[in-house]
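So for the sequence shown, our numbering puts the first residue at 1; every next one is plus one.
Check each hint, because a few of them may be wrong.
[To be verified] Estimated spans, in silico, between C-beta atoms of each pair: (1) V96 <-> V71: 16 to 26 angstroms; (2) K7 <-> S118: 17 to 27 angstroms; (3) C59 <-> S118: 31 to 41 angstroms.
In case anyone wonders, no lab produced these hints; they're calculated from the structure.
All C-beta atoms in this analysis are idealised placements derived from N, C-alpha and C, irrespective of residue type, glycine included.
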Amino acid sequence: MENISKKVVSISEKKCLGYVLKPCIDFKLLKKVGYIVVDEDSEQEYFLNFDNIMKIEDCVLIESSSVLEFVGDSGEFRKRVLSNSGEDYGVVRDYVFQYRTLKKIVTNRCEIGAKHISDCGDDIIFISFTRKRKKFPRAKKEDSVVTIMEEKEVSLPAVINLSPSYYLGKVAFKTLLGMNNELIVKEGREITRQIFDKAKKHNRLNELFFVIK
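Could you build the full structure based on these sequences and the hints that come with them?
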């Protein structure tokens with residue numbers, strides 16, 4: 001996802017304040033309004049509004065730490081998606097945007113168009129299909145309401161290599177986060193023994209297997 005894991009730097013304080021953890025979404029507007037930033041020392045989470053970002057290149061530049069708003073643990077990627085009638089569509093794993101507009105939610109079970117979000121709380125995103133066709137369109141169709149992932153897309157290889165020697169020295173082509181969205185490895189970084197042990201601790205060796213080359 002764009003700008004995830006980039007360092008956030010205060011110009012006036014000449015200090016790195018943390019890194020971008022994930023986007024912050026206004027579910028009423030269905031838009032990305034800023035980022036959640038994590039202080040690497042305290043692991044506290046803060047909201048950074050796009051209006052307070054001065055420039056984004058290899059890092060995110062802001063005027064000072066005073067523009068960061070404390071939010072605690074936002075838990076964005078632990079939200080569960082339920083229909084208004086109580087059907088479970090899984091836990092949020094990713095969001096897909098077109099520029100800053102939210103286009104769809106990706107859960108561990110399916111993909112859902114943002115236009116079907118009816119409400120959102122701290123733990124639950126409610127969706128509704130009451131005004132849509134009763135039958136879901138086929139997968140891969142552009143206007144799909146819900147695209148259930150095909151078995152071949154989510155199935156894992158019969159054996160995942162658990163030997164450290166398989167991972168060490170390889171490069172991650174995608175950023176990998178842990179159980180509480182803690183950074184395990186950043187895109188473009190070489191896998192070290194420390195990264196391997198951290199992935200194992202967070203039960204993310206399967207995911208690490210798929211993001212290295």
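Outcome of the hint check:
{"no.": "1", "hint": "V96 <-> V71: 16 to 26 angstroms", "verdict": "holds, 23 angstroms"}
{"no.": "2", "hint": "K7 <-> S118: 17 to 27 angstroms", "verdict": "violated, 37 angstroms"}
{"no.": "3", "hint": "C59 <-> S118: 31 to 41 angstroms", "verdict": "holds, 37 angstroms"}
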